[in-house]
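Q: Given the structure of chain A, go ahead and fit chain B onto it with the hints provided.
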Amino acid sequence: MTTHVTDARLVAARRRRILRRRFEPVLYIAPAFIVLAAIIAFPVLSAIGTSFLDASLLRPGQDTFTGVDNYVELLADPTFRSAFGRTFVWAGSALVVQVGLALVIATTLNKKLFARGVVRTTLIIPWVVPTVLVALIWRFLLDPVSGPINDLLRPILADPPIWLADTRWALPMLVLISAWKWTPFSAVIILAGLQQIPRELYEAAMMDGANAWRRFTSVTVPAIRTSLALVTLTTISGAINNFNGIWMFTRGGPNGATEILTTYAYRTAFVQFDFGKASAISVMIFLMMLVLAVLYFYAIEGRSPKKRSVR
Amino acid sequence: MNPNKSLSRRRLLTLGGGVAAGLTLAACGTGPASNGGGETSSSGGDGGSSGGGGTLELWGNTSIIGEADSPLAQAAAAFGEEFGVTVNLQGIPTQDLVPKLTTTAAGGSGPDIAIVDVSSIAQLAAGQVLADISSQSGEVAGDFPTELLAGASYDGKQYGLPYTTNNVALYYNKAMLDSAGIAVPTTWDELRDAAIELTGGEQYGYMFGAQGQGAFLFWPWLWQNGGQIVNDDMTAAFASDAGIEAFEFYAGMAMTDKVAPPEFIASNASWDQYVAPFAQERVAMMAIGPWGTFPVQDANPDLDFGIAPLPSRKESASVLGGAAVGVGHHAQNAEMAWEFVRWMTGSEQMHYIQDTGNVPGRTEVVESDWAKEDPLRQVFIEQIPVSRARPAIPTWGDVEWGVMANMWDSVIQGQAAPADALLAAVDEANNALSS
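Just so you know, the sequences run in chain order A and B.
Its first residue numbered 1, the first sequence is counted upward by one per residue in this note's numbering.
Its first residue numbered 1, the second sequence is counted upward by one per residue in this note's numbering.
The hints are simulated quantities; they were obtained by calculation from the structure and are not laboratory data.
A portion of the hints provided could be inaccurate.
Here are the simulated lysine to any residue pairs, SDA-like style, with alpha carbons at most 25 Å apart [stated by the list, open to error]:
| id | chain 1 | residue 1 | chain 2 | residue 2 |
| --- | --- | --- | --- | --- |
| 1 | B | K174 | B | W291 |
| 2 | B | K157 | A | Q272 |
| 3 | B | K157 | A | G61 |
| 4 | B | K157 | A | R59 |
| 5 | B | K372 | B | P391 |
| 6 | B | K174 | A | R59 |
Computed, partial: chain B to chain A, Cβ under 7 Å [stated by the list, open to error]:
| id | residue |
| --- | --- |
| 7 | Q95 |
| 8 | P99 |
| 9 | T104 |
| 10 | G127 |
| 11 | E263 |
| 12 | P394 |
| 13 | Q413 |
| 14 | A417 |
Virtual Cβ for every residue (Gly too), placed ideally from N, Cα, C.
Next comes chain A alone, as it looks inside the complex (with noise of 0.2 Å):
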């Protein structure tokens, strides 16, 4: 009797010690991850809420509440289905300008080189170059009168574009901009992934008979499968959310030539003051990066421990 209170005693301590040890990291987690979500959830509930209503700064005390009106608004509205489309442009060619010039930039650092560490460092600088840094630098460079790009291209050409004023050349140049201040980024993630792959796998695949482009594509990339995937994921973010690479250049114009979805949702909460469609707007850029999210978990976090296990 009294062997089977102590056994009963026993196995409820040590119940309570794994229940303890289990829930002692949630403890420690957990202060921050309240106030992480408290900062994330507010605004973006705050925001989705004031898309139902008809709300301006210019009216203070007379918001009413109009349903989706403002959707159905915006999805009418041919500068909103405009910056929409170019969104996704935007951040495509981000996508493809920034990861394949890291890739290049990655497997050339990843080899014995002349003073290799310089060059690295070199390499990271304008990723560390504040934006508005980067305007004034870029503006000054692409000056149709007085930059130093014009002034090369005019013995070649009678009349060099105004790059940033010029509606074809406009969004290129950005793109091309924004590149030369995030493919350090990618760059240094894919670098890191590809330093971690053993040499001998290279001499298997090269006993194999493999060519460079066979050994680049069956043992560099499957190897460095999860740095591209976050370096795909953080370049379309960061272009859809890049705000300030284009304002600081164009405002959106010339024209609506470079409006994406965050300059009309800034023009429309800051120019318009018509605070409702501007967080329709948000709301709307918040879905496709909700979506982008559970895209890169499925397919990174998912899927991958399988895959790995069968290779």
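A: Using the frame of chain A, we list chain B on its own:
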């Protein structure tokens, strides 16, 4: 659990990806609520004035607030001395001032005093940023020109007193006009002929701006041709026959006569961009307000230029600008704030404003010796009677820097004919005007 796996770089990066995704979500969620651009504060007024009677917060754009020893800071210190309060000055970049005032007011707070551009008075009045001071302003109303008082009012109520006043005039390069034997143009046709004559090689006759600059500088042309921006019922009136004729003339100089340097289409945000070709002696003439003088002199101290009234057609007209000073709707110390507004715009304090090179918005300035001592300044003062205020409607900013700016951009980008673009802008403008 394999410790290697938990520590692997791949694992770390995956976690990093999660964090990155979370951050982007957070950034996107807070996007519309955050205010683009930081604030630069210059606290000038708290130097010599450590009064015990509380504090006053004054907000204005960075050029009005100036450095720590600016004339306004000196005025604030003098006021603090006299009334036993501390006046804190906060300078905010021009394009952030109205958004910041509006969002702060929406949150139930804001400065005691604000110095703002007169074109934003209606918006700030409707947005409950500025307080109705009609009951107090009556006693001093006689000191200011009616047009300037009207420029600081909305819906029949007074929301500020004229602080500075300005308008747009014609800047011309004396050497270029002299060497071509051209007199300063006084009519549209003379201006156009002179601009064409002065264009050749790397030199151009006349400057235009892009986006909102181009829209803003068009209003004098519209009025000079007998047109109106809005009807009495606040619907768009700018696309009348007179309006279309004026706009075709204006756009024609830029697009057909090509008298402007090609880079004018890039002059979309700062007036420094607009005055650069004139300062670099690439352009012979431009229209701008007195705020153009300093950047030109700063960039090219040797440039010999003159300022003349805008050329006219059916009538003379210029566009009224300037700043008004008002009491904040959420002022902590509204009585003292009004005291400051009245004191600052008073006769004895005019020299503080004059020291900045601006023209105080008081009637007595027009006839003063100070007005006559500088021929450049005198032109702007002489133009005050023909200067017209833009419509006092809350959504004006969106009409001028949204609808009309895009309309002008579609013309200078060669995407629309001037008349078509102007007519197409009517519906959009009416939407903005009525919203």
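Q: Are the hints correct? Go through all of them and say.
A: Taking the hints in turn, this is what the structure says about them:
At roughly 19 Å between alpha-carbon atoms, K174/B and W291/B fall within 25 Å of each other, so this suggested pair holds. Note on K157/B and Q272/A: the hinted pairing holds, with a Cα-Cα distance of about 23 Å set against a maximum of 25 Å. Among the hinted pairs, K157/B with G61/A is consistent with the structure: their alpha-carbon atoms are about 20 Å apart, no more than 25 Å. Between K157/B and R59/A the alpha-carbon distance is near 17 Å, which keeps this suggested pair within the 25 Å criterion.
In summary, the hint linking K372/B to P391/B is not supported, as the alpha carbons are separated by about 31 Å, beyond the 25 Å threshold. Straight-line distance between C-alpha atoms of K174/B and R59/A comes to about 50 Å, which puts the hinted pair past the 25 Å bound. Hint on Q95/B is violated. Least Cβ distance to chain A is approximately 9 Å, over the 7 Å limit. The closest approach between the C-beta of P99/B and any C-beta of chain A is roughly 4 Å, which is under the 7 Å cut-off, so the hint is satisfied.
About 10 Å separates the beta-carbon of T104/B from the nearest beta-carbon of chain A, more than 7 Å, and the hint is not met. For the restraint placing G127/B at the interface with chain A, the shortest Cβ-Cβ distance is roughly 5 Å, inside the 7 Å limit, so the hint holds. Restraint check, E263/B versus chain A: the minimum CB separation of about 4 Å is within 7 Å; hint holds. A cut of 7 Å between beta carbons decides the hint on P394/B: the least distance to chain A is about 4 Å, and the hint holds.
Proximity of Q413/B to chain A holds as hinted, the smallest CB-CB distance being about 5 Å (cut-off 7 Å). Because the closest C-beta pair between A417/B and chain A is about 14 Å apart, greater than 7 Å, the hint is violated.
Checked against the numbered hints given earlier, the structure breaks hints 5, 6, 7, 9, 14 and satisfies all the rest.
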